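When you get a sec, could you build the whole thing from the sequences and use the hints?
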Amino acid sequence: MEVGEHMQDDQRQPPIVIESPWKLQSRSRRVPAQAPAKQVYKRPHPTLSMAGVDATGVDFSDRVDGKRKSYKASTRRQRFLQDGTEQFGDLSDEDDEDSLERKIARLQREVEEAKEEYGKRKEAAAKSTTGDHDEKLGSLSKVLDEISKTLEPHTSASRALQPVSQSSEPSKNESQDLAVPGNSATYTVTYAPTYEQSHALATAADFDRRLVLLEKAIGVGSTALPEVDINGLPRAILPTLDGLQKQITTLSQASTSNLDSISRRVRTLIQEAQELEKARQGAKSAQETLGNGTASSEDAPAPEQLAKINALYGTLPTIENLAPLLPPLLDRLRSLRAIHSDAASAGEMLGRIEKQQTDMATDLKQWKDGLEKVEEAMKEGGTAMAGNMKVIEAWVTDLEGRIAKLP
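Counting in full-length UniProt numbering, the sequence shown runs from 1 upward without gaps.
Calculated from the structure, these hints are not laboratory results. Be careful, since some hints might not be right.
[Unchecked claim] Calculated pairs, DSS-like style, for lysine-lysine (alpha carbon to alpha carbon, straight line, at most 25 Å): (1) 284 x 246; (2) 103 x 115; (3) 308 x 278; (4) 390 x 405.
[What the hints assert, rightly or not] Label-pair ranges, simulated between beta-carbon atoms: (5) 403 x 375: 34 to 44 Å; (6) 253 x 350: 33 to 43 Å; (7) 267 x 201: 42 to 52 Å; (8) 201 x 344: 22 to 32 Å; (9) 210 x 330: 14 to 24 Å; (10) 372 x 403: 42 to 52 Å.
Keep in mind the model is a prediction, meaning the values are calculated, not measured. Virtual Cβ for every residue (Gly too), placed ideally from N, Cα, C.
So this is what it looks like as structure tokens:
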């Protein structure tokens, strides 16, 4: 069998050039020049440049005692990149996000081409129905832009995480650099850990909104009660009611002895406040003295105590700034706790009332059944009495007749 006869089925391809260790001496006899090895078939045609031929164990001879064995051909996939280069090999499909991204890019290119063609047609012949086409093209391009924007962060994060091992743990910072050992490429993964903060803020905002609605439902606000705080913060309902109740009680029970005791208590409080202010000023002056280094080394406190004192004095400005906000906040929290406790007790009370109503309904039903029975008995008694009266009337009439017949 000749090589040309083996390739008669491929009419459009040029003949195959075979480089074989076999030497053709005649049509009837072939003598090997050396041990048979893997034969290489070269086909210089460009369409078969990605084909591979395996000629291991091939036998094209005319031997009677042997079985013919043909070669094995395999093809490789090819594709052209954007820069014009041709790529061969086993090209596996990329993930769904990349394929979707390519589809969106292709659609965007087609939309741009459609816009250009439509612009040319519009310039060629201006018609009255061109506004509808503009709106359709604009809406389509907007939808594609939104989809591509939503896919960009996911695709970038997935591509960046591919060369990184799964055992690496992300840091708490907003962005970190992940590098594979032995590789010069460095990938940056950006995180947005703002969910916890936004969730806490949303919870606080919802709490404040519910509290405001509750105060409005109760009827408490800047219009109902005047602002009593220095910073203009509205007071809570329960402390305000307690204060009003105390003032009314004091005015209703005003007497000379009560006023004297109240004045003495006020003077005592004023003296204690003055002493506290003096102690505070002395502590400040001592801190300044320690800071200037005028104290002796024997009386100087330990470094740990000095650090603690400095930390406490460092937090004083923050505490002083938050001091005006603490009283109304504490009042609101106490009011909320009292409201929740009252709501719980009110729920229990409602449960008891419902139970009492159920028992009352049962009793009413029993009374109704008893009354119906009594009414039936009364009706039966009235019927029996009417019959007895008729019988007695007949007896009396008979008796009167007998008495009249007597001499």
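Hints, verified against the model:
no. : hint                  : result
1   : 284 x 246             : violated, 38 Å
2   : 103 x 115             : holds, 18 Å
3   : 308 x 278             : holds, 22 Å
4   : 390 x 405             : holds, 23 Å
5   : 403 x 375: 34 to 44 Å : holds, 41 Å
6   : 253 x 350: 33 to 43 Å : holds, 37 Å
7   : 267 x 201: 42 to 52 Å : holds, 47 Å
8   : 201 x 344: 22 to 32 Å : holds, 29 Å
9   : 210 x 330: 14 to 24 Å : holds, 18 Å
10  : 372 x 403: 42 to 52 Å : holds, 46 Å
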